[in-house]
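Asker: Chains as they are written, first to last, in numbering that gives the first Met the number 0: chain S, 0 to 151; chain Y, 0 to 198.
Keep in mind that a hint or two might mislead.
In the EDC-like style, the derived pairs of lysine to aspartate or glutamate whose C-alpha atoms are separated by at most 20 Å in a straight line are [stated by the list, open to error]:
| id | chain 1 | residue 1 | chain 2 | residue 2 |
| --- | --- | --- | --- | --- |
| 1 | Y | 75 | Y | 40 |
| 2 | Y | 75 | S | 133 |
| 3 | Y | 3 | S | 119 |
| 4 | S | 145 | Y | 110 |
| 5 | Y | 3 | S | 133 |
| 6 | S | 145 | S | 133 |
| 7 | Y | 75 | Y | 63 |
| 8 | Y | 3 | S | 142 |
No lab work stands behind these hints, which were simulated from the structure alone.
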Amino acid sequence: MSEPLPPFQTLLDNHSEDVWRTLRAMVGAQAAEDCFQETFLAALRAYPRLRPGSSPRAWLLTIAHNKAIDHLRRPRADELETDELEAPPAPPPPDRDVWGAVAALPPRQRAAVALRYIGDLSHREIGAAIGCSEEASRRSLTDGLKTLRRQL
Amino acid sequence: MSDKLTRKLRGPAPEALDAARRFADRAAAEHEADLAYTTFDSPLGQLLMASGERGLAVLHYLDEPLDEALEYLSSKRSPRIVESPRALDPWRFELDEYFAGSRQRFDAPLDWDAMTRFQRAVLRATAAIPYGETSTYTGVAGEAGSPRGQRAAGNALGSNPMAIIIPCHRVLHLGGGLGGYTGGLHRKHYLLDLEAGRL
């Protein structure tokens, strides 16, 4: 007999901060709100089909990653609001460096860095989330870190 | 570098709390979630209340930890549950008025679906007992079309999913004895006293 799914609210309680953080790294603070709402709506709708025993955390962050990619691919209504160039609200000047450098990474590297250091996911989980092999996910992470190291 | 980077990445995300709340309220209002819940501080202790698209589904004396009650609800009804106090406003208003003695009838909609036919019949008969009056197990069994089913009626009342609002406290033994009450007899006493103006 498999464990029943926990009430959905526990997923919100336990993981909404890291979903938010992941989205902030992926699309910027401005767009994070919309992506956050889309992430949890998609998760709520699909929740009964989540395999009992699988990690809701990796599952949620995978959905968040997909929503972030959707957002990044969407044609911009207003080019001026390009999230990649936009700093999060009122960061003290030194922080701009970090967010700017993260935002300048190609999306896959950005995702690998976020899922690894915010989500604490395994390389296997990151590969599954990004839709690539474990090897490729390791490579994206290393490339991303190399760039960040150069810039920070 | 790593320090600077991860401190940023993992930095505080106070927006997440508000975003989560906004999500839960909207999921409840638009019935994307099957159930919305909140707790209610009554004079009889904490209550857990939950509603769905058709109305109030659960009003339960919260004598166990909230987690446990929610897990039970999740496994019995649906795991698609979110916390949204405002979704429960219609029933919270009525309960506040009821406990203040200024409401004698509950009007906000109830969800009668998650019951067997017999339980629904018994509980509908129970809901028809006026404020301040009482009936008997035999009486509600008869109303439910089963005059000799007082024991079964007792069971149906014992698993009343919406205590207080479906007033199973108004059902007594034939001789006037208090009978049973899932929330404990002291609560049954309190509710009968409240309705009799004895508080």
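Asker: Now tell me if each hint is right for this structure.
Answerer: Going through the hints against the structure:
1. Y:75 x Y:40: The hint is violated at about 24 Å.
2. Y:75 x S:133: violated (39 Å)
3. Y:3 x S:119: holds (17 Å)
4. S:145 x Y:110: violated (58 Å)
5. Y:3 x S:133: Between residue 3 (chain Y) and residue 133 (chain S) the Cα gap is close to 26 Å, so the pair fails against 20 Å, i.e. violated.
6. S:145 x S:133: OK: residue 145 (chain S) and residue 133 (chain S) at ~18 Å, within 20 Å.
7. Y:75 x Y:63: holds (16 Å)
8. Y:3 x S:142: Holds - the C-alpha atoms of residue 142 (chain S) and residue 3 (chain Y) are around 18 Å apart, at most 20 Å.
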